[in-house]
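S.K.: Residue-level listing of the chains:
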Amino acid sequence: MKKFIILISLVAFFSCDSKNSSSQEIEVVKFEALEQLMNQDSDKIEVINFWATWCKPCIVELPYFQRLHEQNDNVNVTLISLDFADEFDKKVIPFVEENELTTDIMLLDNIDYNSWISKVDPSWSGAIPATLIINHKTGVRKFFEKEMEEGELEGIVEDLND
Amino acid sequence: MQILKTLLLSTVMLFTLTGERLDGLEVGDKAVNFNLKNIDGSTVSLSTTKSVKGYILVFTCNTCPYSVLYEDRIIALHEKYADLGFPVIAIQPNDPQKSPGDSFTNMQKRAEEKAFPFPYLIDEAQEVTRTYGATNTPHVYILNKLSDDNYRVEYIGAIDNNSRNPQAASKHYVEEAVDNILLGKQISITSTKAIGCTIKWGN
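Chains as they are written, first to last, in this note's numbering: chain A, 1 to 162; chain B, 1 to 203.
Think of the hints as simulated: they come from the structure by calculation, not from any bench. Computed from a predicted model, the values in this text were never measured in an experiment. Incorrect hints may appear among the rest.
Computed list of chain B residues with no C-beta within reach of chain A, every gap over 10 Å [said to hold, decoys possible]: (1) D29; (2) N33; (3) R73; (4) A82; (5) D83; (6) R130; (7) K145; (8) N162; (9) P166; (10) Q167; (11) C197; (12) I199.
Far from chain B by the CB rule (all over 10 Å, computed), these chain A residues [claimed, not checked]: (13) K30; (14) L68; (15) I93; (16) F95; (17) N99; (18) T102; (19) S115; (20) S118; (21) E145; (22) K146; (23) E154; (24) I156.
Output of the computed footprint for chain B on chain A, the stretches with three or more beta carbons under 8 Å from beta carbons of chain B [stated by the list, open to error]: (25) 37-48; (26) 106-113; (27) 126-132.
The beta-carbon is built from N, C-alpha and C at its ideal position, and this holds for glycine as well.
Starting from the given sequences, assemble the full structure and let the hints guide the process.
M.R.: Rendered as structure tokens:
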């Protein structure tokens, strides 16, 4: 009986593990991780959205990013949370679960904002929501300091693919 | 010359009509005076207090979590610098239809709760916000009075570099800037950026 329980747990452990490796990453990161994401070599269109659980207009547009992630395999969507790092477990994780977000999520743990905002885009004032969309192959970047309208993301991605 | 003037004027009007945001003021620019309604019903402008050396102008509101985090620090700035000639003027830039928590009544409530020692003005037409080019809250403009009705923008940006914890901030941008102005010295950091809430523009 004991062996059987171990076997069950092992199966459960491995099946969980394989599921995780192919799906969502949720983590607290430093700015270097965001830089890597912006500069990585990838055939996919990189869609990076800056948001926070306290930001009402951000929350309104999150479903558009989730849908883009679900419907377009040629796009890599990452939601960069600007919530405070010590609120990751208390606010960000429950929010992600409640809203069934399955995109990659990084909480950027660096509140010395002036040190990195211009590195994301020189035109960014720091207001959120904001979105950076990159075609790594052509090197073309588009930055939006505004709320996205429904359907707008798809058009931008399509334009960037041309 | 007349043609140039007309052209310039129509460009300005075009921007105003289409609701496009102008680029706003930059460090070194002459500040634009305003007449805005204070929470006590009076009208406040840069000329209301004659004896000042300048102003710490803060675009801030009730509803933005970052504004709330900085409320005590804005009060502290006023308490430290008003007597030295640089009082705070706070301007609430959001459209109350879009952000009901920032209505005039709610501004009055918040100011009373926190006993704001400075004017808290509402920019109903959002023209002052547009003219200055404030993009997020809280957004600070330090104005240095050169002569009567002539103020120069000396600094634009954040209050310090730690929104979460004032004690942990290692750079106090606004204090350093005002201290340097008072000493007649050059300001080392004249503009900074910070994460903040967007301005809620009316239709």
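S.K.: Examine the segment 126-132 of chain A for residues whose CB is less than 8 Å from any CB of chain B, and state whether their number is three or more.
M.R.: holds (count 4)
S.K.: Non-interface claim for E145(A): all C-beta distances to chain B beyond 10 Å?
M.R.: violated (8 Å)
S.K.: Just want to verify: L68(A) was marked as not at the interface with chain B; is every Cβ pair farther apart than 10 Å?
M.R.: holds (21 Å)
S.K.: So D29(B) supposedly isn't at the interface. Is its beta-carbon more than 10 Å from every beta-carbon in chain A?
M.R.: holds (17 Å)
S.K.: The output says I93(A) does not contact chain B. Does that hold with a beta carbon cutoff of 10 Å?
M.R.: It holds; I93(A) is separated from chain B by about 19 Å at its closest Cβ, greater than 10 Å.
S.K.: Verify that the Cβ of R73(B) lies farther than 10 Å from every Cβ atom of chain A, and report whether the claim holds or is violated.
M.R.: holds (14 Å)
S.K.: Test the statement that Q167(B) is away from the interface with chain A: the closest C-beta pair must be farther apart than 10 Å.
M.R.: holds (13 Å)
S.K.: Confirm or reject: D83(B) is not an interface residue toward chain A, with every Cβ-Cβ distance exceeding 10 Å.
M.R.: holds (29 Å)
S.K.: Examine each Cβ of chain B, and state whether all of them lie more than 10 Å from the Cβ of E154(A).
M.R.: Fine: 23 Å to the nearest Cβ keeps E154(A) off the interface.
S.K.: When you look at the beta carbon of N33(B), is every beta carbon of chain A farther off than 10 Å?
M.R.: holds (24 Å)
S.K.: P166(B): least C-beta distance to chain A exceeds 10 Å?
M.R.: holds (12 Å)
S.K.: Would you say K30(A) is clear of chain B, with no C-beta pair closer than or equal to 10 Å?
M.R.: holds (16 Å)
Hints 8, 11, 12, 19, 20, 21, 22 and 25, counting from the list given before, are not met by this structure.
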